[in-house]
Amino acid sequence: MVEIIVGILLVFMIIGSIICLETKDLLSAIIAIVPVGYFSGIIFLLLGAPDIAITQMVVEVLSLIILIRATIRRDLTTIEEERDFFGLITTFAFIFVFFIFAMEALRYLPSFGTPSFTLNPDAPSNRYLLNGLKETGAGNIVNGIIFDYRGYDTLGEATILFTSILGALAILRVYARKRSKDE
Amino acid sequence: MIYYLCFVLFLIGLYGVCCKKNVVKIILGLWVMEYSVNLFLILIGYRKNGIPPILQPNTNIVEFSQKAVDPLPQAMVLTSIVIGLGILALMVSIAIRLYQRYGTFDITEMRKLKG
Amino acid sequence: MNNGEKGMSLIVKTVTRWIKGFIFLFGAYIVVFGHLSPGGGFPGGVVFAATFILITLAFGREYALRKIGKVLASELDSLGAILFLLIATLGIYFTGVFFSNFIEKYHPTGNFKLFSAGIIPLCNLSIGLKVGACLFMIFIILSVVRVIFEDGKGKLITTEKRDKK
Numbered sequence: 001m002v003e004i005i006v007g008i009l010l011v012f013m014i015i016g017s018i019i020c021l022e023t024k025d026l027l028s029a030i031i032a033i034v035p036v037g038y039f040s041g042i043i044f045l046l047l048g049a050p051d052i053a054i055t056q057m058v059v060e061v062l063s064l065i066i067l068i069r070a071t072i073r074r075d076l077t078t079i080e081e082e083r084d085f086f087g088l089i090t091t092f093a094f095i096f097v098f099f100i101f102a103m104e105a106l107r108y109l110p111s112f113g114t115p116s117f118t119l120n121p122d123a124p125s126n127r128y129l130l131n132g133l134k135e136t137g138a139g140n141i142v143n144g145i146i147f148d149y150r151g152y153d154t155l156g157e158a159t160i161l162f163t164s165i166l167g168a169l170a171i172l173r174v175y176a177r178k179r180s181k182d183e
Numbered sequence: 001m002i003y004y005l006c007f008v009l010f011l012i013g014l015y016g017v018c019c020k021k022n023v024v025k026i027i028l029g030l031w032v033m034e035y036s037v038n039l040f041l042i043l044i045g046y047r048k049n050g051i052p053p054i055l056q057p058n059t060n061i062v063e064f065s066q067k068a069v070d071p072l073p074q075a076m077v078l079t080s081i082v083i084g085l086g087i088l089a090l091m092v093s094i095a096i097r098l099y100q101r102y103g104t105f106d107i108t109e110m111r112k113l114k115g
Numbered sequence: 001m002n003n004g005e006k007g008m009s010l011i012v013k014t015v016t017r018w019i020k021g022f023i024f025l026f027g028a029y030i031v032v033f034g035h036l037s038p039g040g041g042f043p044g045g046v047v048f049a050a051t052f053i054l055i056t057l058a059f060g061r062e063y064a065l066r067k068i069g070k071v072l073a074s075e076l077d078s079l080g081a082i083l084f085l086l087i088a089t090l091g092i093y094f095t096g097v098f099f100s101n102f103i104e105k106y107h108p109t110g111n112f113k114l115f116s117a118g119i120i121p122l123c124n125l126s127i128g129l130k131v132g133a134c135l136f137m138i139f140i141i142l143s144v145v146r147v148i149f150e151d152g153k154g155k156l157i158t159t160e161k162r163d164k165k
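Chains as they are written, first to last, in our numbering: chain A, 1 to 183; chain B, 1 to 115; chain C, 1 to 165.
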């Protein structure tokens, strides 16, 4: 039952992303990315990941605000493109070859519904689930993993956020040396 | 079967990055690839009729560990989503600078106007 | 999209004035109860940022910048990051291991209470502060272009200019 619903929502996501990339109006493209994220959040909720669902929904709203606020100008909402046939056919051929190889590789994954930690008793997830409450004291095992078992990854993530904000500030800042010489 | 659909979503994003000529469409293609990769990681960790990995005060721990879904991909995807937001902010700021410098979002025009 | 200066209509302003406290409280709930129920530092921080972005969109940029200036947002961001690093480094001082849960090891309290789980609530708070201030600063940066001059004597002055196109 869960499989059927997830499959239907994935088909909607595929349709939404094709519409997003093919439409000529820039505002429609940005709005058409929203159902992709929204259905992704609902799939996370169906698959038993509630804090990922909260994060996905809120991040998707913020990304919509950032995209609209920064790229829609008053005079630029429709775009025209000419088709470049050689590039298009090359890309399609490459994507087709990629898909054939992926079909071969995805066949070796265990089927949907049996994660790999059930097949292997040495996997760390078994230890996290059994001893998580005793060793970290947290009821939310995912939070215990983020801040206790795998805390170093969270430190790296905070560094990445910091650096990307620094980069955005640096890019949008240097404007004026030439202008002050011109004026 | 569901893994194939998720991979088709990734390929659509890849097509958007490779074939489109507008900078905003390239950013949207990259964002679709980001969604599909996060979804794939959570799809791998799903257990049939599983419960979320959150303990209540009166659950039996052994029975809980037989029924819970995998918590480790969830921890990885949680940070990945927020990192994706930082990446989006950086890409959009680069797009703004390109527009101010060249006056257009079209990458073929940018190639012609060089020098 | 020229609503930077004056904000939106009266209905939006009135509703925002009522609702912004509840949204902030929801974000605080997600951050503080992160070790007991779904959530944690990251989604809570994003909801914090969403509160201030709502105020900016509804009332105009100047009003929001009077409440929290750019300098204050950048200082809160750095404060959250330094606090997180400090908690991690204190683990070396108490036990020999970087980023160990030293409060849980030496003063364990009961489970499923608000003040349990060692350093995890403190880490949640610092990460929530950092992510919230960070994303608000990104929004402010993207909606105004800063022009930084250097006048003839070598001092840096900043003027705010909307982009001209």
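Just to be clear, a hint being listed does not mean it is correct.
Stated by the list, open to error - Computed beta-carbon distance windows for the label pairs:
1) Val71/C - Ile4/A: 32 to 42 Å
2) Thr118/A - Asn58/B: 20 to 30 Å
3) Ile42/A - Asn58/B: 22 to 32 Å
4) Gly156/A - Leu10/C: 11 to 21 Å
5) Gly21/C - Asp106/B: 44 to 54 Å
6) Ile72/A - Leu72/C: 26 to 36 Å
7) Phe94/A - Lys105/C: 45 to 55 Å
8) Leu119/A - Asp106/B: 42 to 52 Å
9) Arg127/A - Tyr63/C: 14 to 24 Å
10) Asp25/A - Arg66/C: 30 to 40 Å
11) Tyr63/C - Gly103/B: 44 to 54 Å
As the list claims (entries may be wrong) - These stretches of chain B come out as covered by chain A in the derived footprint (C-beta under 8 Å, 3 or more residues):
12) 5-12
13) 18-32
14) 38-46
15) 49-59
16) 68-75
17) 86-94
In short, the hints are calculated from the structure, not lab data.
Don't be surprised by glycine CBs; every beta carbon is placed ideally from N, CA and C.
If any of the earlier hints don't hold here, list their numbers in rising order. 1, 4, 9 and 11
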